[in-house]
Amino acid sequence: MKEHKIFAACYDRMLASIEKKVLGRRREALLAGLTGRVLDVGAGTGVNIPFFKSASTVVLAEPDGAMRAKMDAKIPKASVPVETSGAPAEKLPFPDASFDAAVCTLVLCTVQNPEQALSEIHRVLKPGGTLVVLEHVEAPDEAKLHRWQHRIGPVWTKVAAGCVLTRDTATTVEKAGFTFSSLENLRELPGWMPISPMIQGVATRS
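Under the working numbering, residue 206 is the last one in the sequence shown; the count climbs by one each step, no gaps.
A few of these clues could be false.
[To be verified] Taking lysine-lysine and the BS3-like style, the derived pairs with C-alpha atoms no more than 27 Å apart in a straight line are:
| hint | residue 1 | residue 2 |
| --- | --- | --- |
| 1 | Lys2 | Lys126 |
| 2 | Lys53 | Lys2 |
| 3 | Lys77 | Lys5 |
| 4 | Lys70 | Lys91 |
| 5 | Lys5 | Lys126 |
| 6 | Lys2 | Lys74 |
| 7 | Lys144 | Lys91 |
| 8 | Lys77 | Lys53 |
| 9 | Lys20 | Lys91 |
| 10 | Lys126 | Lys158 |
I should point out that these hints are in silico values taken from the structure, not numbers from a laboratory.
With the hints as extra help, turn the sequences into a complete structure.
Below you can see the structure in the form of C-alpha coordinates.
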(Lines of atoms letter the chains of each structure in order from A and count residues from 1; the text may use other names and numbers.)
(Lines give C-alpha, C1' and ligand atoms only; values in the text may rest on other atoms or scores of the structure.)
Protein backbone atom coordinates (compact mmCIF):
# COMPACT_ATOMS: atom_id res chain seq x y z
CA MET A 1 0.00 0.00 0.00
CA LYS A 2 1.18 3.54 -0.76
CA GLU A 3 2.44 5.40 2.29
CA HIS A 4 1.04 8.87 2.96
CA LYS A 5 4.05 10.32 4.79
CA ILE A 6 2.99 13.98 4.76
CA PHE A 7 -0.58 13.16 5.80
CA ALA A 8 0.69 10.92 8.60
CA ALA A 9 3.09 13.59 9.82
CA CYS A 10 0.32 16.20 9.99
CA TYR A 11 -2.65 14.06 11.05
CA ASP A 12 -2.51 14.38 14.83
CA ARG A 13 -1.86 18.12 14.68
CA MET A 14 -4.68 18.68 12.17
CA LEU A 15 -7.19 16.94 14.42
CA ALA A 16 -5.85 18.14 17.78
CA SER A 17 -8.47 20.84 18.30
CA ILE A 18 -11.52 18.74 17.40
CA GLU A 19 -10.13 15.76 19.31
CA LYS A 20 -9.96 17.91 22.43
CA LYS A 21 -13.37 19.53 21.96
CA VAL A 22 -15.45 16.70 20.48
CA LEU A 23 -13.90 13.47 19.30
CA GLY A 24 -11.92 12.51 22.40
CA ARG A 25 -14.98 12.16 24.61
CA ARG A 26 -16.81 10.38 21.80
CA ARG A 27 -13.99 7.85 21.47
CA GLU A 28 -13.94 7.32 25.24
CA ALA A 29 -17.69 6.67 25.35
CA LEU A 30 -17.44 4.07 22.58
CA LEU A 31 -14.23 2.29 23.50
CA ALA A 32 -13.70 2.27 27.26
CA GLY A 33 -16.27 -0.46 27.89
CA LEU A 34 -15.30 -2.86 25.11
CA THR A 35 -14.24 -6.24 26.46
CA GLY A 36 -12.60 -9.39 25.16
CA ARG A 37 -10.52 -9.42 21.99
CA VAL A 38 -11.00 -6.14 20.09
CA LEU A 39 -9.99 -5.24 16.53
CA ASP A 40 -9.24 -1.60 15.72
CA VAL A 41 -9.67 -1.43 11.94
CA GLY A 42 -7.54 1.19 10.20
CA ALA A 43 -6.01 2.24 13.49
CA GLY A 44 -4.15 5.10 11.82
CA THR A 45 -1.78 6.98 14.11
CA GLY A 46 -3.14 5.15 17.16
CA VAL A 47 -5.43 7.87 18.45
CA ASN A 48 -7.72 5.25 20.00
CA ILE A 49 -5.00 3.55 22.06
CA PRO A 50 -5.47 5.45 25.35
CA PHE A 51 -9.23 4.87 25.32
CA PHE A 52 -9.18 1.06 25.51
CA LYS A 53 -9.61 0.26 29.20
CA SER A 54 -11.39 -3.09 29.51
CA ALA A 55 -10.31 -5.22 26.54
CA SER A 56 -8.29 -8.38 27.11
CA THR A 57 -6.35 -7.67 23.91
CA VAL A 58 -6.55 -4.98 21.21
CA VAL A 59 -5.30 -5.70 17.69
CA LEU A 60 -4.38 -2.51 15.83
CA ALA A 61 -4.64 -3.09 12.06
CA GLU A 62 -3.12 -0.35 9.88
CA PRO A 63 -1.78 -0.93 6.35
CA ASP A 64 -0.12 2.48 5.82
CA GLY A 65 3.46 2.22 7.05
CA ALA A 66 3.79 5.93 7.77
CA MET A 67 0.64 5.95 9.87
CA ARG A 68 1.73 2.74 11.58
CA ALA A 69 5.04 4.32 12.62
CA LYS A 70 3.11 7.06 14.42
CA MET A 71 0.85 4.42 15.96
CA ASP A 72 3.78 2.36 17.23
CA ALA A 73 5.07 5.37 19.16
CA LYS A 74 1.80 5.53 21.11
CA ILE A 75 1.69 1.86 22.13
CA PRO A 76 3.55 2.47 25.42
CA LYS A 77 0.51 4.52 26.48
CA ALA A 78 -1.77 1.49 26.19
CA SER A 79 -3.36 0.22 29.38
CA VAL A 80 -4.27 -3.16 27.83
CA PRO A 81 -2.23 -5.71 25.84
CA VAL A 82 -1.78 -4.64 22.21
CA GLU A 83 -0.90 -6.47 19.00
CA THR A 84 -0.32 -4.89 15.58
CA SER A 85 -1.02 -5.87 11.99
CA GLY A 86 -0.34 -4.26 8.62
CA ALA A 87 -3.47 -5.77 7.12
CA PRO A 88 -5.93 -3.70 5.06
CA ALA A 89 -9.56 -3.69 6.14
CA GLU A 90 -10.60 -5.45 2.94
CA LYS A 91 -8.33 -8.46 3.58
CA LEU A 92 -8.07 -9.23 7.28
CA PRO A 93 -5.73 -12.16 8.06
CA PHE A 94 -7.70 -13.40 11.04
CA PRO A 95 -9.84 -16.53 11.54
CA ASP A 96 -13.61 -16.39 11.36
CA ALA A 97 -15.37 -15.37 14.58
CA SER A 98 -12.11 -14.49 16.35
CA PHE A 99 -13.03 -11.07 17.82
CA ASP A 100 -15.58 -9.93 20.37
CA ALA A 101 -15.69 -6.35 19.10
CA ALA A 102 -14.45 -4.22 16.21
CA VAL A 103 -13.84 -0.49 15.99
CA CYS A 104 -14.10 1.82 12.97
CA THR A 105 -13.24 5.44 13.72
CA LEU A 106 -12.63 7.75 10.76
CA VAL A 107 -11.63 4.83 8.56
CA LEU A 108 -14.64 3.77 6.47
CA CYS A 109 -14.29 7.09 4.64
CA THR A 110 -10.83 6.05 3.46
CA VAL A 111 -10.91 2.34 2.66
CA GLN A 112 -11.13 1.69 -1.06
CA ASN A 113 -14.00 -0.77 -0.74
CA PRO A 114 -16.13 -0.20 2.38
CA GLU A 115 -18.52 -3.01 1.46
CA GLN A 116 -15.68 -5.53 1.33
CA ALA A 117 -14.15 -4.10 4.50
CA LEU A 118 -17.39 -4.51 6.42
CA SER A 119 -17.84 -8.01 5.01
CA GLU A 120 -14.43 -8.89 6.44
CA ILE A 121 -15.25 -7.28 9.79
CA HIS A 122 -18.49 -9.28 9.87
CA ARG A 123 -16.53 -12.46 9.15
CA VAL A 124 -13.95 -12.02 11.93
CA LEU A 125 -16.49 -10.95 14.57
CA LYS A 126 -18.21 -13.57 16.67
CA PRO A 127 -22.00 -13.86 16.22
CA GLY A 128 -23.49 -11.21 18.45
CA GLY A 129 -20.20 -9.31 18.43
CA THR A 130 -20.11 -5.53 18.63
CA LEU A 131 -19.11 -3.02 15.96
CA VAL A 132 -18.67 0.59 17.03
CA VAL A 133 -18.39 3.38 14.47
CA LEU A 134 -17.47 7.05 14.61
CA GLU A 135 -17.38 8.30 11.03
CA HIS A 136 -17.97 11.42 9.00
CA VAL A 137 -20.63 11.01 6.31
CA GLU A 138 -22.40 12.71 3.44
CA ALA A 139 -24.52 15.72 4.36
CA PRO A 140 -28.28 15.62 3.62
CA ASP A 141 -29.21 16.37 0.00
CA GLU A 142 -30.85 19.68 0.82
CA ALA A 143 -27.91 21.04 2.77
CA LYS A 144 -25.47 23.53 1.27
CA LEU A 145 -22.70 21.40 2.71
CA HIS A 146 -23.85 18.50 0.52
CA ARG A 147 -23.04 20.54 -2.60
CA TRP A 148 -19.76 21.70 -1.07
CA GLN A 149 -18.73 18.12 -0.28
CA HIS A 150 -19.38 17.05 -3.87
CA ARG A 151 -17.63 20.10 -5.30
CA ILE A 152 -14.38 19.66 -3.41
CA GLY A 153 -14.58 15.88 -3.10
CA PRO A 154 -12.13 14.88 -5.85
CA VAL A 155 -9.42 17.23 -4.58
CA TRP A 156 -10.08 16.27 -0.96
CA THR A 157 -9.64 12.59 -1.78
CA LYS A 158 -6.25 13.26 -3.37
CA VAL A 159 -4.82 15.31 -0.51
CA ALA A 160 -6.44 13.40 2.38
CA ALA A 161 -5.06 9.90 1.82
CA GLY A 162 -8.06 8.70 -0.20
CA CYS A 163 -10.74 10.03 2.15
CA VAL A 164 -14.20 10.23 0.53
CA LEU A 165 -16.61 12.85 1.87
CA THR A 166 -19.84 11.46 0.44
CA ARG A 167 -20.38 7.99 1.87
CA ASP A 168 -23.62 6.73 3.43
CA THR A 169 -21.83 4.68 6.03
CA ALA A 170 -24.80 3.78 8.23
CA THR A 171 -26.60 2.14 5.30
CA THR A 172 -23.44 0.29 4.26
CA VAL A 173 -23.01 -1.05 7.79
CA GLU A 174 -26.59 -2.33 7.88
CA LYS A 175 -26.31 -3.96 4.45
CA ALA A 176 -23.22 -5.83 5.68
CA GLY A 177 -25.30 -7.70 8.27
CA PHE A 178 -25.18 -5.44 11.31
CA THR A 179 -28.06 -4.05 13.35
CA PHE A 180 -27.64 -0.73 15.13
CA SER A 181 -28.68 -0.68 18.77
CA SER A 182 -27.83 3.01 18.86
CA LEU A 183 -27.11 5.50 16.09
CA GLU A 184 -26.61 9.21 16.60
CA ASN A 185 -26.23 11.91 13.96
CA LEU A 186 -23.66 14.38 15.23
CA ARG A 187 -23.51 18.07 14.42
CA GLU A 188 -20.83 19.15 16.86
CA LEU A 189 -18.13 20.30 14.46
CA PRO A 190 -18.23 23.72 12.76
CA GLY A 191 -20.80 23.61 9.95
CA TRP A 192 -18.35 24.74 7.29
CA MET A 193 -16.10 21.72 7.81
CA PRO A 194 -16.55 19.13 5.06
CA ILE A 195 -16.32 16.38 7.70
CA SER A 196 -18.81 18.00 10.08
CA PRO A 197 -21.73 15.57 9.47
CA MET A 198 -20.81 12.54 11.56
CA ILE A 199 -22.40 9.41 12.97
CA GLN A 200 -21.69 7.56 16.19
CA GLY A 201 -23.15 4.11 16.49
CA VAL A 202 -23.06 0.71 18.14
CA ALA A 203 -24.14 -2.27 16.05
CA THR A 204 -24.42 -6.02 16.56
CA ARG A 205 -23.23 -8.68 14.14
CA SER A 206 -26.00 -11.00 13.01
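Structure-based check of all given hints:
1. Lys2 / Lys126: violated, 31 Å
2. Lys53 / Lys2: violated, 32 Å
3. Lys77 / Lys5: Given pair Lys77, Lys5 holds - Cα atoms ~23 Å apart, limit 27 Å.
4. Lys70 / Lys91: holds, 22 Å
5. Lys5 / Lys126: violated, 35 Å
6. Lys2 / Lys74: Within the cut-off at roughly 22 Å; holds.
7. Lys144 / Lys91: Roughly 36 Å between the alpha carbons, so the hint for Lys144 and Lys91 is violated.
8. Lys77 / Lys53: holds, 11 Å
9. Lys20 / Lys91: violated, 32 Å
10. Lys126 / Lys158: Roughly 36 Å separates the two Cα atoms, so the pair is violated.
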